[in-house]
Amino acid sequence: MTFPALARRLLAAAGALVWLASPSHGQTALEMSVGCRLIAYAPQNASGVVNAPLTFETGRCWGGFLALQQASLYRDERNRPSMNLCLPPESTLTQLVRIFVRYTDSHPEEIGENWFRIAHKSMASAFPCAPAAKPGDGG
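Residue numbers (numbering that gives the first Met the number 0): 0 to 138.
Keep in mind that a hint or two might mislead.
Claimed, not checked - Only pairs whose alpha carbons sit at most 20 angstroms apart, straight line, appear in this in silico SDA-like list of lysine to any residue: (1) K120 / C85; (2) K120 / V49; (3) K120 / E76; (4) K120 / Q69; (5) K120 / E108; (6) K120 / I98.
What the hints assert, rightly or not - Between beta-carbon pairs, the in silico distance windows are: (7) V33 / E108: 16 to 26 angstroms; (8) L72 / G47: 18 to 28 angstroms; (9) A41 / F115: 30 to 40 angstroms; (10) P88 / A41: 17 to 27 angstroms; (11) R77 / V48: 34 to 44 angstroms; (12) R79 / R116: 17 to 27 angstroms; (13) L29 / A123: 16 to 26 angstroms; (14) R101 / A70: 15 to 25 angstroms; (15) P52 / N78: 34 to 44 angstroms; (16) D75 / L53: 29 to 39 angstroms; (17) A70 / N50: 36 to 46 angstroms; (18) E76 / V48: 18 to 28 angstroms; (19) S90 / N113: 35 to 45 angstroms.
These are calculated hints, taken from the structure and not from any lab test.
Even for Gly, the Cβ is constructed at its ideal location relative to N, Cα and C.
Kindly generate the complete structure, drawing on both the sequences and the hints.
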């Protein structure tokens, strides 16, 4: 076996080991809250621009909540919110991050769970959807 072939096999084996050793649950709420806490408590200027440090952790938080916010805009074929989230149109990323951080602070028993699940829970709690109208109700 040639050296390049052996190196490729070793690299593939190492990659497989890293993949197998990584948690399948993704980021926990605790891991995500590291960067989100920096954003939630960062000063804002008069225009509302947040002065948070630019780190990998804050970037991960911004990106995660941008994806959550954008996904919440989609509606299903019956015009229901696709993620069962009813965020107000004027909600901001910073507001969503603060809601998440406050939720994790008040529910420390959930800090080890998947961050997206906890973020979704915190948003649904802060902005509950109106109950769906039943056929024949007022209409």
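Which numbered hints fail
2, 3, 9, 17, 18 and 19
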